[in-house]
Amino acid sequence: MPIERIAVGLTVNGCAVEQWIDPCAMLLDVLHELGLSGTKKGCEMGACGACTALADGRRIVSCLALAASYAGAAITTIEGVGTPDELHPLQEAFIDHDALQCGYCTPGQIMSALGLIAEGCCDRATIREGLSGNLCRCGAYPRIVAAVAEAAGL
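Oh and the sequence shown: position 42 is 43 in the numbering used here, straight run, nothing missing.
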């Protein structure tokens with residue numbers, strides 16, 4: 002017997018959407034179905050942070066977030082941060098500090114950093130701890146921390 006799909010309403014990057022989804026669908030997969038590929042699929046276990054998005058301003062790993070449980074939530078992905086013509090200050094800081102290499106983890110790093118800044122990080126140690134759930138295989142950590150510190154005004 003096929004699983005009956007359910008309607009879930011979300012606000013994604015400021016746009017109201019209603020999507021028919023499998024009740025067990027993860028938010029990451031729903032975002033990809035909506036054509037938002039900036040949120041990356043990494044480990045699918047919530048350990049790498051590549052899939053970090055904001056739900057009502059709070060950081061979540063979308064690969065473990067049951068989409069149906071976020072019905073009515075405001076979801077922000079990297080596509081909702083800045084534009085190609087007008088980057089967000091954190092995106093500019095990442096470029097200025099060369100805080101990326103391959104770029105795969107960058108969307109998750111930026112989304113996590115935005116949430117961290119909103120939570121009120123107060124020093125570089127707090128930034129390092131706050132971003133510890135976001136892995137970068139290229140080893141750009143010192144530059145990522147510097148970029149976040151600049152964007153946070155530290």
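One thing to keep in mind: the hints can contain errors.
[Stated by the list, open to error] In the DMTMM-like style, the derived pairs of lysine to aspartate or glutamate whose C-alpha atoms are separated by at most 20 Å in a straight line are: (1) Lys-42 x Asp-30; (2) Lys-42 x Glu-80; (3) Lys-42 x Asp-23.
FYI, nobody ran anything at the bench for these hints, they're computed from the structure.
Hints, one by one, checked against the model:
no.	hint	verdict
1	Lys-42 x Asp-30	holds, 9 Å
2	Lys-42 x Glu-80	holds, 15 Å
3	Lys-42 x Asp-23	holds, 18 Å
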